[in-house]
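S.K.: One letter stands for each residue in the lines below.
Number of protein chains: 2
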Amino acid sequence: MSQHLCDHDHSHDTTTINVDARLKAAEALCAASGERLTAPRLRTYELILGNNGPMKAYDVIDRFHPEGAAKPPTVYRALSFLEQMGLIHRIESLNAFVACATPANADHHHPHTAAFLLCDCCGQSEEIATLSLADIEHQAQHLGFEVKHITVEAKGRCKACR
Amino acid sequence: MSQHLCDHDHSHDTTTINVDARLKAAEALCAASGERLTAPRLRTYELILGNNGPMKAYDVIDRFHPEGAAKPPTVYRALSFLEQMGLIHRIESLNAFVACATPANADHHHPHTAAFLLCDCCGQSEEIATLSLADIEHQAQHLGFEVKHITVEAKGRCKACR
DNA sequence: CAAATCCTCGTTACAATATAACATTAACTC
DNA sequence: GAGTTAATGTTATATTGTAACGAGGATTTG
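Which chain is which? The protein sequence lines are W and D, in order. Residue numbering for the first sequence follows my numbering, beginning at 1 and increasing consecutively. Residue numbering for the second sequence follows my numbering, beginning at 1 and increasing consecutively.
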């Protein structure tokens, strides 16, 4: 979260994530994958889990240590790792990161295509599982979210480059 | 275009846009909208039209004048304008800009939701009109494009902020 | 026409986001 | 425990984007 473009009440801007449970689950996931959930990775994940909505890399950097900021590479590396593990998602249109709503666990890997509803006003994000764009409109409507613009970008390899 | 992550042939990396016709159409569109297609806006659009694939803002800045670079605000303002007019699209995941494949004309406005297939390798982009995510996979397959990751982000207002 | 207004631009400075390169430490392997 | 790999620490810098303010030109208004 960050800027408020309006002056109305934002007391709804609170999410409740069981941070400890998520951290434990992440430990288990990494252990099962033969990866190490090291201190900087854990701390980065903890901060993102505790943040209310998508979090900027430099907000992680600033809050990393009680006494002072972390160095950027420390945090950017952790963010890459967490993203690869499917524990967080990068929000391209905000240059920000948010905890995955449905992270994999030790038994069940599922790197999925997530879709996000991003409020211009309060900065909150809602991760929705969706299979169609019509579906996005539909789910948005169901959630009372007014969509102004949709970004759809598929990365991969074109015919000539394969 | 820019970086090549591979060493194979990229002679397919050529698009053919009739730049002059596009510039004329843009003039007409702006005139019809009561907007001014001023020199910096025109120059920015011209460069993006002539570029082979999505173009970075700083590439526009560097090539703006024959003799030297433009100042960033000049170009960023022009980019905002062109995007609002529906003449270009911003590619969030690349921090780059590409000419709209189906720009509005004087008679026919249609700010649309575009979807993009972005090749990791050659940097080319393909704008597709699509109504569903399944459709993206489908069109990608038709084009021989191997999708690795899809970004879907809807911006707007959440229920509480409306 | 002159004054007021508004939009656009030029310019300076800086903020925000991200990575390259290399030295160091920690963990794992044999 | 020596060698190897993975991760981190550190310094510096590259890239991307904006704030702020003054000047110029077009349009409107009187």
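Do not take every clue at face value.
Which copy is meant is left open, so a pair is good if it fits within one copy or across any two.
With a straight-line Cα cutoff of 27 Å, these simulated BS3-like cross-link-like pairs (lysine-lysine) come out [stated by the list, open to error]:
no., residue 1, residue 2
1, K155, K71
2, K159, K24
3, K56, K148
4, K148, K71
5, K148, K24
6, K24, K155
7, K159, K71
8, K159, K148
9, K155, K56
10, K71, K24
11, K56, K159
Treat the hints as calculated values from the structure; they're not laboratory data.
S.K.: If a hint holds in the structure, say so; if it does not, say that too.
M.R.: Status of the hints after comparison with the structure:
In this homomeric assembly, K155 and K71 never come within 27 Å of each other (Cα to Cα): the closest approach is 30 Å inside a single copy and 31 Å across copies. Within a single copy, K159 and K24 get their C-alpha atoms no closer than 42 Å, and across copies no closer than 33 Å, so neither meets the 27 Å cut-off. With identical chains, the CA atoms of K56 and K148 are at most 27 Å apart both within one copy (22 Å) and between copies (25 Å). Taking CA atoms no more than 27 Å apart as the test, K148 paired with K71 passes in neither setting, with 36 Å inside one copy and 31 Å between copies.
For a Cα distance limit of 27 Å, the shortest separation of K148 from K24 qualifies neither inside one copy, at 38 Å, nor across copies, at 29 Å. In the homo-oligomer, the alpha carbons of K24 and K155 never lie at most 27 Å apart, since the shortest distance is 32 Å inside one protomer and 32 Å across protomers. In this assembly of identical chains, the alpha carbons of K159 and K71 never lie at most 27 Å apart, being 40 Å within a copy and 38 Å across copies at closest. Proximity of K159 to K148 under the C-alpha cut-off of 27 Å is restricted to the inter-copy arrangement: shortest distance 13 Å between copies versus 33 Å within a copy.
Taking the closest pair of Cα atoms, K155 and K56 come within 27 Å of each other both inside a single copy (23 Å) and across two copies (17 Å). For a Cα distance limit of 27 Å, the shortest separation of K71 from K24 inside one copy, 26 Å, qualifies, whereas the shortest one across copies, 50 Å, does not. Proximity of K56 to K159 under the C-alpha cut-off of 27 Å is restricted to the inter-copy arrangement: shortest distance 24 Å between copies versus 35 Å within a copy.
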